[in-house]
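Visitor: Please take these sequences and the hints and turn them into a complete structure.
Just so you know, the protein sequences line up as chains A and B, in that order. For the working numbering, add 63 to where a residue sits in the first sequence, where the first one is 1. For the working numbering, add 1081 to where a residue sits in the second sequence, where the first one is 1.
Since the hints were made in silico from the structure, they are not lab data. Hints are not guaranteed to be accurate.
[To be verified] Calculated Cβ distances over 10 Å to all of chain B for the following chain A residues:
id : residue
1  : Asn-155
2  : Glu-202
3  : Met-242
4  : Gly-243
5  : Arg-244
6  : Gln-331
7  : Pro-476
[Stated by the list, open to error] With a straight-line cut-off of 30 Å between C-alpha atoms, the simulated DSS-like cross-links for lysine-lysine are:
id : chain 1 : residue 1 : chain 2 : residue 2
8  : A       : Lys-270   : B       : Lys-1236
9  : B       : Lys-1212  : A       : Lys-116
10 : A       : Lys-119   : B       : Lys-1312
11 : A       : Lys-270   : B       : Lys-1157
12 : A       : Lys-73    : B       : Lys-1212
13 : B       : Lys-1236  : A       : Lys-77
14 : B       : Lys-1236  : B       : Lys-1157
15 : A       : Lys-116   : B       : Lys-1216
16 : B       : Lys-1312  : A       : Lys-310
Bear in mind that the values here come from a model prediction, so they are computed numbers and not experimental data. We put the beta carbon where it would ideally sit given N, CA and C, even for glycine.
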Amino acid sequence: MKYGRYEIIKELGKGGMGVVYQAHDPQIDRSVALKVLRVDRVVNEEFVLRFFKEAKFIGRLSHPNIVTVYDVGRDHGTIYIAMEYLQGQPLNEVVRSGRLSVEKTMDIALQVSSALGYAHDKGIVHRDIKPSNIILTDEGSVKLTDFGIARADDQNAAQQTQTGVILGTPFYMSPEQVMGRRVDGRSDLFSLGVILYELIVGCKPFKGDHFTAIFRAITEDIPVAPLQIDASILQSISDLIIKTLSKNPDERFQTGQEMSHALKTCLQVKEFPLRSEKPMRSKQKSMGSFLIMGLIAAVVLGGAIYFFWPHINEHIRKENKGGSTVTELSQQGKLQNKSGSLESLSSTRMDESKPADAMLMVTSSPSQAQVYLDDSFKGKTPITLELPFGKYEVRVNLPDYYEWEAQLQINTPGKTPLYVRLIPIG
Amino acid sequence: MMKINYFGKTDVGLVRPNNEDTFLIKPDMGFCLVSDGMGGAAAGELASQIFTETALKVFSADRDQSENRTVEKVKKAFRSAHERILKYVEGNPHHQGMGCTAELIAFHEQGFVIGHIGDSRIYRIRNGQFKQLTKDHSLIQDQIDRGVITPTEAKNHSLRNVILRAVGINESLALDILMGKTYAGDLFLLCSDGLTDMIDDPLISQVLYSDTALSQKTEKLVEMVLSAGGKDNITVVLAEIL
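Guide: Quick look at the structure:
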């Protein structure tokens, strides 16, 4: 099978718009990636001409982080694009097999933002920045692909008035894209910010079960600062990500170069906390957690104590032996606060505003789980929290375990132990 | 049984190579429908055909035109078509995204039952009042409702053709059922977005108000769309209660 002069070697992947093959170019004797559009996607001559025009622009891009487009042509009633053939893995597959280090993530973002800065200067907006369009080659470089081609598709959709539904989930779209407004390079930088958030924090900044919910989140929700979710994240990185995700394009980085510069500054600090590269769970909260929630939610603490009686009893016994556990817990809690930076601040603020009435001692099995009180990160288990009486929503979270959550009514002075046994996923 | 006059027409338009719209009028069974296919040329045509065939099958099998039975038939037509399309896509995964919008109005002794999914529409003229009975299941309608965009912005929205519900797309089917009484003189218009995207409502109503036969009204609407550029397939079905 041939498309133009290109001999198909094998299929590499299939998408809604067409098929990508590994092909051979006999003229230059090299491998190419050949993207062949689905025949029924070639709507009319106008579409073909626009596609070719678009490809010409893209063909002029020459950047180490952008997949080079060699050629376009027509054959078998459709259109094909011959591109640089890369051996590597798209970012979405890379993270599936293991979470990347903060440093590596920042480096990828730096290379992508530099590629975007270059393309934007040439007047080309990508419009479809997502992990599957970022290739990590076997040689260790980062390559941005599908440049502009997706844009041709978008224009087609808009101009052809063809009804359609969105397949997949549009997590990486910018607010202006969702609202159907004119987009410029800053939209691409927003999408890169979404990827950065996801890679650094371990969850997406804008969530939803279906795409209208995701669209609503993108246009309305202010994402929780990465630092509030994981206290080990540097303030500078957290701030950078939040700036990238501003709803108003004027409040974001204005150019890829500006974002690259900010990323470089963060990278130069080089004080990344150690993080083991664990498999990423984008959806820790699943049926299991709801089941547990159903059992425990809205149970006042007295009930919770009863429910976890054997474990709590053990702690109480330890305390009775001389309070050593309590002391240890408190110290460890403070240590956690030192390594992070914000939660010590936030808990201080809380303590200032409300006098502490009770001490909630949260322990978990396994330990080192993140504890959130009313959506605010407090530290890792074991931890003791000084709190005024009141109703709190407690969440305990550890990668690879179902999230635990419950509402607690704390109205007993002194120490209130809470033990959480986390259930592993899968 | 009340007497109803029907007339329908579909046109490929001036831009698209094929017609993915389908319509069907069955006066003896008391219903008519319009469906707009999507998901690529072949798939789109097939989806709207599946809907039409399924509805015909359901209404042929049950000639009881009581209100309850009519509601059941409308629901069954949508449900069965939905399942058939899903099953087809399962066996033909390259047709993922195939589905259709659908408007079906069925008449019974006391009134009408409408089944609606997508962004095709049903309007009604009663006592000189032109009213859109169905609400588009589209992204822009959702954003207008939430106050995110204005109706003017919606006209230039790059995702204005994205619909939130369709027959044959998601696992579950969310169907709008509208029921009401009919009165002599009521005129119902079923149409695909090929009409409403190209011509504003006031112009459509002017044509419907004109003292002409249904066939002339239908011709006129299609003609207006074509002279405006006819970017999409156009389908118009009229049903007048006598």
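Visitor: All hints are to be evaluated individually against the structure, with a verdict given for each.
Guide: We went through each hint and held it up to the structure:
no.	hint	in the structure
1	Asn-155	19 Å, holds
2	Glu-202	33 Å, holds
3	Met-242	6 Å, violated
4	Gly-243	3 Å, violated
5	Arg-244	8 Å, violated
6	Gln-331	39 Å, holds
7	Pro-476	46 Å, holds
8	A:Lys-270 with B:Lys-1236	27 Å, holds
9	B:Lys-1212 with A:Lys-116	44 Å, violated
10	A:Lys-119 with B:Lys-1312	27 Å, holds
11	A:Lys-270 with B:Lys-1157	34 Å, violated
12	A:Lys-73 with B:Lys-1212	56 Å, violated
13	B:Lys-1236 with A:Lys-77	33 Å, violated
14	B:Lys-1236 with B:Lys-1157	35 Å, violated
15	A:Lys-116 with B:Lys-1216	38 Å, violated
16	B:Lys-1312 with A:Lys-310	33 Å, violated
The structure is inconsistent with the numbered hints 3, 4, 5, 9, 11, 12, 13, 14, 15, 16, although it conforms to all the rest.
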